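Chain by chain, the residues run as shown.
There are 2 protein chains.
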Amino acid sequence: MLVYFNGKIIDKSNVHISPDDRGFLFGDGIYEVIRAYRKKLFRSADHFDRFFRNLEEVKIGGAQHINYEKICEELLERNNLLQDAKLYIQVTRGVAPRKHSFPMPAVPPTIYLEASQIFPPLDLWQNGVKIILRPDQRHQRCDIKSISLQPSVIAIQEAAENGAEEVIFVKDGYVTEGSHTSFCMVKNNQIITYPLGKSILPGITRKVIQELCLEQAIDFTEQYVSTSELPTINEMFILGTITEIMPVIQVENTMINHGKIGTITRKLQQAFRSKIAQL
Amino acid sequence: MLVYFNGKIIDKSNVHISPDDRGFLFGDGIYEVIRAYRKKLFRSADHFDRFFRNLEEVKIGGAQHINYEKICEELLERNNLLQDAKLYIQVTRGVAPRKHSFPMPAVPPTIYLEASQIFPPLDLWQNGVKIILRPDQRHQRCDIKSISLQPSVIAIQEAAENGAEEVIFVKDGYVTEGSHTSFCMVKNNQIITYPLGKSILPGITRKVIQELCLEQAIDFTEQYVSTSELPTINEMFILGTITEIMPVIQVENTMINHGKIGTITRKLQQAFRSKIAQL
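Chains A and B, in that order, are what the protein sequence lines are.
Taking our numbering, I'd label the letters of the first sequence as residues 163 to 441.
Taking our numbering, I'd label the letters of the second sequence as residues 163 to 441.
Only chain A is shown next, with the shape it has when bound in the complex (with noise of 0.2 Å):
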């Protein structure tokens, strides 16, 4: 497979990350994931945007200038991923001897893309999945693809345990968001989901079912939700780039809807594949 590493596109058996590097030592990185369809890149440059945003909220120097959209279409195609893939981006603070605070003076940033085969779950946008809930013990800037994410991955692991595809935080009482998802619920023909903030990640795919909802004349509204509300949602689903629109159809050990997927759910599917069909 072939990556790019510090300027270079080489073969991945030959990336080293040295020990030294800051996101080793620290989780001191930023993150994004990208869709391909078809060789074709969808929303990059609203990825991008959140990208540079949170490079600029961590002071990551160094790594504004790459023409990132150009590297990825060349991982594509030198790849050979013609159909459905993942393109993995990761910039860390770069590589010095261990010291909590900034190198100084400043060192390059560490900056990695993978492009990768997906293989679209369509057993699960079909049928839907399970969620489990747990109390949200992440950090406070949940606004920042951060790769600080050990607190995600420990919760993410209790719900593959629990026969779970995600694990949706609930702070204060409210649901949030899943580990890597967005997550919208809908009552009385209106989608609801938690608001923007420090709390959750403005999702991409979050964007583009608000847009669908606009061209679909259904209503979308931010709004906090108690756990206690949840026995009287109609419908869920969480949200992402890989995610894309999955129904879920039980919390914890309470179906939704009888196990039934609803019709905003499906209408929203079809809307989303329509929408990638015109890519």
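No lab work stands behind these hints: they were computed from the structure.
Hints may be right or wrong, so weigh each one.
As the list makes no split between identical chains, a pair holds if one copy fits it or if it spans any two.
The calculated lysine to aspartate or glutamate pairs, modelled on DMTMM-like cross-linking and capped at a C-alpha distance of 20 Å, are [said to hold, decoys possible]:
hint: 1; residue 1: Lys-333; residue 2: Glu-414
hint: 2; residue 1: Lys-360; residue 2: Asp-334
hint: 3; residue 1: Lys-360; residue 2: Asp-211
hint: 4; residue 1: Lys-292; residue 2: Glu-320
hint: 5; residue 1: Lys-349; residue 2: Glu-377
hint: 6; residue 1: Lys-174; residue 2: Glu-218
hint: 7; residue 1: Lys-248; residue 2: Asp-182
Source: prediction; values computed, not measured.
With the hints as your guide, set chain B onto chain A.
Using the frame of chain A, we list chain B on its own:
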């Protein structure tokens, strides 16, 4: 520099971390720092107890059978670190294609140890330091020495840019601990520090101080101290494996005890030094 990497002692330049290492991708690892005085490890049993407990907490297996103490001693010896040194130990969940949940089947952990010379901060011990206060934006399990440290990095950098040695975190209005130190205060000849629990690391030096207090008949108590109480505090110091006992003479723009180091702080520094001399 000779280091330990996955079973071998090799030159550091030959350590190649994979871009698929879960330390690099997810900050999914645990670390420890141990102080060596004259080639003798200080309180290594306490450090390894915590280390093994932490690995268990995050369910990283396959790293518990190693004789870390022996490796540490070999690294000190072979790197000719005769006087003041520190051991850095990091274990990650290993190398696997990027997926949030644990690799299935499990993969061997990545185990890395490094020994390096340190230069004791004699002037700071003597003259004291400034600290700043910031809201605690870290994750909710600060008792675990996780390498997912980006929120700490961002906070300590603010300290560095404000001419301060450390940032002390404020949680729900109470001062808790530093980004890489414990925090103690003295009021009416009594040592006060934040109670053990999920909000702070159970510091080994904190434990040593607790023992020294017992020996010196100084009252040591765990108590919540709000930021508004700080002006009534007589002495403060930060604690850590490398930091040892470092007096604090300034909090933000306010001098503590007119910038003079208090008698209890000096007494504990002396007692600590005697303990080290007897090693």
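Now the hints, each set against the structure:
no. : hint                 : result
1   : Lys-333 with Glu-414 : within (17 Å within a copy, 31 Å between copies)
2   : Lys-360 with Asp-334 : both (14 Å within a copy, 17 Å between copies)
3   : Lys-360 with Asp-211 : within (17 Å within a copy, 36 Å between copies)
4   : Lys-292 with Glu-320 : within (12 Å within a copy, 42 Å between copies)
5   : Lys-349 with Glu-377 : within (19 Å within a copy, 64 Å between copies)
6   : Lys-174 with Glu-218 : neither (28 Å within a copy, 32 Å between copies)
7   : Lys-248 with Asp-182 : between (28 Å within a copy, 15 Å between copies)
Checked against the numbered hints given earlier, this structure breaks only hint 6.
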